[in-house]
Amino acid sequence: MTTKNGTNRTKNGAEAGGDVRLSGISKTYGSFTAVRPLDLTVPQGSFFALLGASGCGKTTTLRMIAGLEEPSSGTVFLGEQDVTHLPPYRRPVNTVFQSYALFPHLDIFENVAFGLRRRGIKSVKKQVGEMLDLVQLGEQARKKPHQLSGGQQQRVAVARALINTPRVLLLDEPLGALDLKLRRQMQLELKRIQTEVGITFIHVTHDQEEAMTMADSVAVMNAGRVEQLGSPADLYENPRTTFVANFLGTSNLIEAEVDSRSGDDVVLRAGDCKLVLPGARCSAPTTAGGKVLVGVRPEKISLTHADEAGAIPAGRNRITGTIADSSFIGVSTQYVVDSPVCPEFEVYVQNIDRDPRLVPGAEVVLHWNPAHTFGLDAAQDIDAGIETVEEEGAAA
Amino acid sequence: MAFFRWLNHRLVVVAGLLTLGYLLLPNIVVTVFSFNEPKGRFNYEWQRFSTDAWTDPCGVADLCGSLSLSLQIAAWATLGATVLGTMIAFALVRYRFRARGAVNSLIFLPMAMPEVVMAASLLTLFLNLGAQLGFWTVLIAHIMFCLSFVVTAVKARVMSMDPRLEQAAQDLYAGPVQTFLRVTLPIAAPGIAAGALLAFALSFDDFIITNFNAGSTVTFPMFVWGSAQRGTPVQINVVGTAMFLVAVLCVLAAMVMSNRRNRRRAS
Numbered sequence: 001m002t003t004k005n006g007t008n009r010t011k012n013g014a015e016a017g018g019d020v021r022l023s024g025i026s027k028t029y030g031s032f033t034a035v036r037p038l039d040l041t042v043p044q045g046s047f048f049a050l051l052g053a054s055g056c057g058k059t060t061t062l063r064m065i066a067g068l069e070e071p072s073s074g075t076v077f078l079g080e081q082d083v084t085h086l087p088p089y090r091r092p093v094n095t096v097f098q099s100y101a102l103f104p105h106l107d108i109f110e111n112v113a114f115g116l117r118r119r120g121i122k123s124v125k126k127q128v129g130e131m132l133d134l135v136q137l138g139e140q141a142r143k144k145p146h147q148l149s150g151g152q153q154q155r156v157a158v159a160r161a162l163i164n165t166p167r168v169l170l171l172d173e174p175l176g177a178l179d180l181k182l183r184r185q186m187q188l189e190l191k192r193i194q195t196e197v198g199i200t201f202i203h204v205t206h207d208q209e210e211a212m213t214m215a216d217s218v219a220v221m222n223a224g225r226v227e228q229l230g231s232p233a234d235l236y237e238n239p240r241t242t243f244v245a246n247f248l249g250t251s252n253l254i255e256a257e258v259d260s261r262s263g264d265d266v267v268l269r270a271g272d273c274k275l276v277l278p279g280a281r282c283s284a285p286t287t288a289g290g291k292v293l294v295g296v297r298p299e300k301i302s303l304t305h306a307d308e309a310g311a312i313p314a315g316r317n318r319i320t321g322t323i324a325d326s327s328f329i330g331v332s333t334q335y336v337v338d339s340p341v342c343p344e345f346e347v348y349v350q351n352i353d354r355d356p357r358l359v360p361g362a363e364v365v366l367h368w369n370p371a372h373t374f375g376l377d378a379a380q381d382i383d384a385g386i387e388t389v390e391e392e393g394a395a396a
Numbered sequence: 001m002a003f004f005r006w007l008n009h010r011l012v013v014v015a016g017l018l019t020l021g022y023l024l025l026p027n028i029v030v031t032v033f034s035f036n037e038p039k040g041r042f043n044y045e046w047q048r049f050s051t052d053a054w055t056d057p058c059g060v061a062d063l064c065g066s067l068s069l070s071l072q073i074a075a076w077a078t079l080g081a082t083v084l085g086t087m088i089a090f091a092l093v094r095y096r097f098r099a100r101g102a103v104n105s106l107i108f109l110p111m112a113m114p115e116v117v118m119a120a121s122l123l124t125l126f127l128n129l130g131a132q133l134g135f136w137t138v139l140i141a142h143i144m145f146c147l148s149f150v151v152t153a154v155k156a157r158v159m160s161m162d163p164r165l166e167q168a169a170q171d172l173y174a175g176p177v178q179t180f181l182r183v184t185l186p187i188a189a190p191g192i193a194a195g196a197l198l199a200f201a202l203s204f205d206d207f208i209i210t211n212f213n214a215g216s217t218v219t220f221p222m223f224v225w226g227s228a229q230r231g232t233p234v235q236i237n238v239v240g241t242a243m244f245l246v247a248v249l250c251v252l253a254a255m256v257m258s259n260r261r262n263r264r265r266a267s
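Protein sequence lines, in the order shown, are assigned to chains A and B.
Going by full-length UniProt numbering, 105 is the number at position 105 of the first sequence; the sequence numbering is gapless.
Going by full-length UniProt numbering, 170 is the number at position 170 of the second sequence; the sequence numbering is gapless.
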């Protein structure tokens with residue numbers, strides 16, 4: 001019997017850990033490139049999400065860390081150890097598979113005990129019992145997987161992996177098969193378990209909300225490469241590509257021309273509107289006359305009826321338009337505003353004081369704090385990341 | 001009218017019972033006539049009840065010898081065909097190799113070919129090779145035609161197996177051998193068992209191929225055929241009934257076991 005990580009294993013798997021480091025790994029199948037050469041460091045003990053639409057290479061990346069896929073090039077490090085060519089059963093890494101892959105011929109107890117038994121540990125009863133209690137399945141130990149509900153199976157899959165105190169736990173779309181309510185519950189549950197055990201979690205998902213809720217840092221992947229890496233708040237507030245801006249939440253993107261610089265700010269012109277953008281929040285070159293995509297999130301925008309435009313404080317970015325559509329959600333109202341500079345401007349207005357005049361057809365002024373504006377390189381596809389979100393939505 | 005309405009409501013049950021009767025009637029006849037005491041050599045007419053044949057099943061010369069030979073051949077043929085067939089099935093499902101398509105269709109050939117053709121060509125082959133006809137030629141022939149059935153049964157099972165289960169086993173520290181023994185084999189087991197049962201049944205009662213290739217060896221089906229020319233001993237019915245009972249008992253035992261398991265799990 002082999003022990004996966006030899007002498008490195010201590011009682012607390014996290015202590016012996018170290019970062020997961022991917023250095024230049026890529027994967028090609030024939031002429032198809034699933035993952036382009038990729039460098040990524042996942043800090044020890046963090047909850048890390050790989051986020052992207054299906055086919056972006058996130059699962060392949062995960063499988064290369066697990067050892068289920070051999071990289072076409074590059075190196076996988078666990079701490080200081082190069083594990084690139086170790087088979088999966090010799091890596092101190094465990095996976096929670098999509099659709100769980102529980103062993104149908106074994107009961108829950110034996111499913112959870114599987115890893116321990118393969119490592120030659122004889123007395124598994126206590127550990128398995130504790131692990132089943134952790135995921136609240138102590139009563140179900142002697143049932144077969146098919147007798148459990150989806151949520152329970154999911155917890156068994158987590159327990160089966162975690163009991164081995166791996167240095168890294170890989171989760172491949174673990175919540176994809178659950179309904180919305182259960183998914184929310186399991187998100188919190190997984191986050192709790194991660195905090196409790198302190199093991200590095202790498203979570204693959206196409207659900208941006210899931211990634212943002214759970215992860216400390218998120219790598220947004222698109223077409224085999226990482227578009228942007230950062231904390232959820234950082235990614236949301238400061239997207240650096242149109243894909244990230246559109247894939248994470250919703251962004252209003254306006255094509256604008258650089259007019260001038262005033263101090264740290266960039267002044268832009270879109271149609272006959274003048275917009276101000278903090279220079280630090282622009283990821284594109286801002287030479288005068290150059291094109292920039294100006295972005296702003298829908299919830300940062302205030303909506304004022306055109307009759308009261310005079311009451312808007314000075315120094316705010318403003319755009320005029322006509323309400324094309326409004327839908328009342330309860331906590332907020334979502335408006336679609338047609339404006340000469342941007343055809344479908346999305347605005348979310350929190351439900352505090354509802355102005356009864358804000359109905360479709362009304363002339364309005366949209367305004368927001370310039371500090372909430374971000375700038376992107378105009379050479380990109382302005383709609384990148386939008387379609388993919390819809391596709392995923394339809395598939396789910 | 002009332003009758004038609006009654007029939008209409010119970011059509012499925014009636015059809016089911018009729019089909020069952022159709023299937024079971026021959027077995028019932030065999031069983032009933034195993035308690036017959038025939039006048040003369042042929043056991044085709046009911047005379048009177050007797051348990052003579054049951055108390056002395058080996059009372060007819062060569063019957064038990066041929067039965068034991070048939071059981072031996074069936075056992076070895078099952079073993080050989082199951083092992084080889086399982087490996088072929090895994091190879092066909094899991095690996096992409098050049099002759100895969102050809103093998104996939106050729107494996108059905110023994111099932112599709114008329115048995116008598118296969119029997120005759122096998123005999124020609126054996127004679128040309130200078131093989132001595134007997135136990136071994138029969139066994140080789142049986143393994144050959146049982147193979148296709150085992151491959152078909154196991155292939156269906158392996159194809160429906162989620163490849164992620166084996167990946168999960170590997171991920172949980174099971175090396176290739178452990179993965180096969182602990183995960184792959186147990187999950188494929190029902191398919192393998194079904195293939196083995198088929199192989200046993202096919203081998204045990206095969207007559208045509210065996211008759212061509214057995215030389216002077218006499219298996220049970222050959223014995224039955226041979227004695228039918230001169231008169232049928234009641235013992236043949238006894239053996240037939242016994243086989244039937246063993247099969248029924250096996251099925252019942254399996255049902256009871258799975259019932260009990262389900263009930264224990266439910267509680």
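One or more hints might be untrue.
Stated by the list, open to error - One side only, chain A facing chain B, incomplete, derived with CB under 7 Å:
(1) Phe109
(2) Gly115
(3) Arg119
(4) Pro278
Just so you know, these hints were derived from the structure itself, not from any lab.
Cβ atoms here follow ideal geometry from the backbone N, Cα and C, with glycine treated the same way.
Against the structure shown, which of the earlier numbered hints fail to hold, in ascending order? Going through the list in order, the structure violates hints 1 and 4 and respects the others.
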